[in-house]
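Chemist: These protein sequences, in sequence, are chains A and B.
First residue of the first sequence? That's 1 in our numbering, and the numbers climb one at a time after it.
First residue of the second sequence? That's 1001 in our numbering, and the numbers climb one at a time after it.
Hints are computed from structural coordinates only; laboratory data are not their basis.
For glycine and all other residues, C-beta sits at the position ideal for the given N, C-alpha and C.
Any given hint could turn out to be false.
As the list claims (entries may be wrong) - In silico DSBU-like cross-links for lysine-lysine, where the CA-CA straight-line distance does not exceed 35 Å:
no. : chain 1 : residue 1 : chain 2 : residue 2
1   : B       : 1048      : B       : 1007
2   : A       : 413       : B       : 1024
3   : A       : 35        : B       : 1024
4   : B       : 1024      : A       : 91
5   : B       : 1011      : B       : 1024
6   : A       : 99        : B       : 1101
7   : A       : 415       : B       : 1038
8   : A       : 35        : A       : 408
9   : B       : 1024      : A       : 458
10  : A       : 654       : A       : 413
11  : A       : 488       : A       : 458
12  : A       : 415       : B       : 1024
13  : A       : 415       : B       : 1031
14  : B       : 1066      : B       : 1038
15  : A       : 69        : A       : 633
16  : A       : 413       : B       : 1007
17  : A       : 413       : B       : 1031
18  : B       : 1011      : B       : 1031
19  : A       : 203       : A       : 547
20  : A       : 410       : B       : 1031
21  : A       : 415       : B       : 1011
22  : A       : 415       : B       : 1007
Said to hold, decoys possible - Computed beta-carbon distance windows for the label pairs:
no. : chain 1 : residue 1 : chain 2 : residue 2 : range
23  : A       : 528       : B       : 1111      : 50 to 60 Å
24  : A       : 40        : B       : 1028      : 20 to 30 Å
25  : B       : 1178      : A       : 422       : 49 to 59 Å
26  : A       : 358       : B       : 1152      : 18 to 28 Å
27  : A       : 358       : B       : 1161      : 17 to 27 Å
28  : B       : 1056      : A       : 325       : 44 to 54 Å
29  : B       : 1019      : A       : 203       : 36 to 46 Å
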Amino acid sequence: MTQETAQPLIVTCDAGGTMTDILVVDAAGRFSVGKASTTPQDESLGFWESLEDALGGWGVKLDGAGALKPLEASIYTGTTMLNTLLQRRGKRVGLIITKGFEDSFVVERGFQAVAGYSYADRLHTVTHVHNSPLVPRHLVKGATERIDLFGNVVIPLYEHEVRDAVTELIKAGVETIAILFLFSYINPAHEQSAARIARQTAKRMGREIPVFISSEISPTIRELARLNSVVIQAYAAEPVRAQLFHIEDRLERAGARNPLQTVLAYGGLAPVRYPRLYESVVSGPVGGLLGARYLGEVTGLNNLITADMGGTSFDVGLVTEGKIPLVREPEFARFIFNLPMVTINSIGAGAGTYIRLDPMTRRIILGPESAGAEPGPVCYDHGNEIPTVVDCDLILGMVNPDYYLGGKIKLNKEKALRRFREEIADPLGLNVYDAAQGVVRLINSLMRDQIRSLVLAKGYSTMDYTLIAFGGAGPMHMAGFTEGLALKGLATVPYAAAFSAFGCATVDYSHRYQRSTHLFVPAGAGPDVKASVAEGLTRAWRELEQKALAEMTAEGFDRASINLQQAAFVRYGGQLDDVEVFSPTSRMNTPADVDALIARFEDLYSRIYVSGARFPEAGFQILEVAAVATVPKVKPLIERRPLGAPTPPARARKGVRKIYRDGRWHDAQIFEMGELGPGNVIDGPAVIEASNTTLLVPERRRARFDEWGLIWVE
Amino acid sequence: METYPTKEVLKDLIEGRLDWPRIKQIMSSPKDSDRFMKYLALAQERVKWTEQILLPLGEHLYIVAKNGERVVKCDCGQEFGDWRGNWKLRALIYSRDTREKLEGIYPGARCPDPQWCEVREFYCPGCGTQLEVESVPPGYPITFDFLPDLDAFHEQWLERPLPDRIEAQDRSGEVIRRWVGDLKREKRVGTKHNGKATGSRKSR
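Chain A extracted, bound-state conformation (with noise of 0.2 Å):
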């Protein structure tokens, strides 16, 4: 590597619970990762530290004010918004709601009760709680209206009703304004009427408040997602805002000419002055799926299944012929949002999650919890004494103790071997290999059925697929976790640790922009139908084009640059799933053209389920339609190398470890990863070292390191 000419192009962080993974690329595609503890107080701190430590790797000097000049994009994704939603320290938010819908907070709806709950505890109904209300009752005021659920005005806004409870908000110290009334994603203008006469009573106050409404943060329907979004959007995206306001002024004053991005659940960039910011709510693991479908258009897979496995949970996602799935109603922090978001399915399984024994059933009880960074698992020994997945890998030779985070923390494996035994393998009467390896399968098992049961309960066969393991722990436990997992093909990539972060890299910059319809197409419908439906359609997406022009040029986007992609979502009439359809045509201008839209959806339909499984006779409803603005960013260029010999190089030999597999001692070669190239192929029993990760590579199998840069498990 020629480190004088590298020069950051794209620099990207994932600001994760522990750390701040910074991945710095250069024009040739080459990589540089950086590593930093994360600082909830001021992410920036964090942000910093990480970016000196990737450019340290390149030899670039952040202090000089030009350090940062060539860089075309620079992307942020973080937890702020999660923690300042987890510790109810956002803004002072008043909410003015329809009247008579006062108490929508404390009522939720049922699901909310149980909302990020792991299955054992959905089922045991004392654990069930509400969440404690974002705004309290004293600061939700109610305001006389109407609006049908067809758009009709059944009572006038009582506009002195809203002028009183502003006051009344301002007076108790509000800093910020929400406002929802029922089916205001059909007609806004109760809403856009009550903002009006907030900010004109706030100025007459002598205040200036921000004021958000529920059509403008989320026009859709069911009324306590679109409360959480827009009440969300005031409590704590405008405070993630600030700090992120304070990264920019960094990266802008070392250089960086482009403003800073952001990653949208969606899978989009929007720069961080973007007015629904609450949109980034769930940025991180979306990396992770992002990259692996760009990695699949590069290398011509279309059809993966990503595994990441980090220190805390396992993330499963799916990619279908090149497509990401997106869940429309997603759960984050306890709140339900009717926001997309790319389908990721989550356990709690990871490196550094906690073994027990239930103390009545003797059971290996694992997790849900996790030891995070600090303390950390046994062998970090910073005083932790429950036995971690780590510490089984450790004892099961797997892991190097000298060589963890590069060497930079000193692994103490006797530690870890006397506190398994005292927890785990003499109450069960165990030896403790046999236990570890028992704690171990049983870890991989729980993946595997994550797997499987995201892939088979869609109806598609993992024979289909090829596997993407990445996270820290993936490449230690892919071989485990896909035993018996009929797959097209396993891999991984060296870059692993940092993957999500090489992910956000690979994202253009777009929006997405959705509001609520309310369109029917009869089975038989004659052209006159189908007429007013294409009509309905072209107006919704001609309204929303306007708005994602007027928003991405005020980023600075040239107007040309800008693609257009106009989508409905089409389901059965009658059935509750619908199925996100890309419309042929980007206006709907005769009844043929709502005919093709229709002929797309049953399509894929039949892809998704089965043909049998279409059901025409009971017509088509078309309940939300999207358009989706989308201009190309510079991205990470993968890059085919030629392939050399099949035998590593010497360099690369590490010498011989002894790991426990299946109930004996292997002599293990180990090898350091950065010295392997194109072409070389692995026997196992192997392991495979980097400084961020490991690779096991069992008997009977081998890695092949391809030109694309993927290592393959065969």
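Given the coordinates of chain A, work out where chain B should sit on it, guided by the hints.
Modeler: Just chain B now, kept in the frame of chain A:
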């Protein structure tokens, strides 16, 4: 973080001083094998009397060992007799059996039909604490919520057998017969009973 709640944490739990995330965490984690003994020791510390608690029966009642007998006792010290005779028969009873009384807790349209439903509240004669509430059809016998097999519990579950054995057999009938006997005797000597279907009775 400790693996299992310590005795101090359990004390905070009982006294309502823990925040919800901690309570939820305790509920969702496996129990340590001596949790019950810790809990029993805490209960013993919290009461003013000295009889050994064999089993807590709720927030205020305990089954305790007393002079070779096992009796139900309130934390105020009031006793309710042998644990095999329903303790409710020795409590003060307030029966909500008319619409007017039921409206006190279920106003308006929420009020159940008193011909179908009666709500009985049981109070401690010693301290007036509400100990239990039951909702039954009118005339239904007073329910006996729980007759634990103390010997089996201490021997097979706690693995600490009690020094003596007393078979867990429902003795509520005897308590009721004594009630009836008392009533008859009262009638014979000519004392007029006040005729209340439900009222206070103390039998010692």
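Chemist: Check the hint pairing residue 415/A with residue 1024/B against an upper bound of 35 Å on the C-alpha distance.
Modeler: Roughly 30 Å between the alpha carbons, so the hint for residue 415/A and residue 1024/B holds.
Chemist: Are the Cα atoms of residue 413/A and residue 1024/B separated by 35 Å or less?
Modeler: holds, 33 Å
Chemist: Under the criterion that the straight-line Cα-Cα distance not exceed 35 Å, is the pair residue 415/A, residue 1011/B satisfied?
Modeler: Judged against 35 Å, a Cα distance of about 32 Å means the pair holds.
Chemist: Quick one, are residue 415/A and residue 1038/B close enough, alpha carbons at most 35 Å?
Modeler: Given that 35 Å is the threshold and the Cα spacing comes to 29 Å, the pair holds.
Chemist: Given the hint that residue 415/A pairs with residue 1007/B, test it: the Cα-Cα distance must not exceed 35 Å.
Modeler: holds, 27 Å
Chemist: Using the Cβ atoms, figure out if residue 40/A sits within 20 to 30 Å of residue 1028/B.
Modeler: Given a distance of about 24 Å, which is inside 20 to 30 Å, the answer is holds.
Chemist: With the threshold set at 35 Å, check whether the alpha-carbon distance from residue 69/A to residue 633/A stays at or below it.
Modeler: Holds - the C-alpha atoms of residue 633/A and residue 69/A are around 17 Å apart, at most 35 Å.
Chemist: Assess, step by step, whether the Cα of residue 413/A is no farther than 35 Å from the Cα of residue 1031/B, and give holds or violated.
Modeler: With Cα atoms ~29 Å apart, residue 413/A and residue 1031/B stay inside 35 Å; holds.
Chemist: Run the distance test for residue 413/A versus residue 1007/B: straight-line Cα separation, threshold 35 Å.
Modeler: The hint holds at about 32 Å.
Chemist: Given a hint of 36 to 46 Å, does the C-beta separation of residue 1019/B and residue 203/A actually sit inside it?
Modeler: About 41 Å separates the Cβ atoms of residue 1019/B and residue 203/A, which means 36 to 46 Å holds.
Chemist: Against the 35 Å threshold, does the CA-CA distance of residue 410/A and residue 1031/B hold or violate the hint?
Modeler: This hinted pair holds, its Cα atoms lying about 33 Å apart.
Chemist: Does the Cβ distance between residue 358/A and residue 1152/B fall inside 18 to 28 Å?
Modeler: holds, 22 Å
The earlier numbered hints are all upheld by this structure, with none contradicted.
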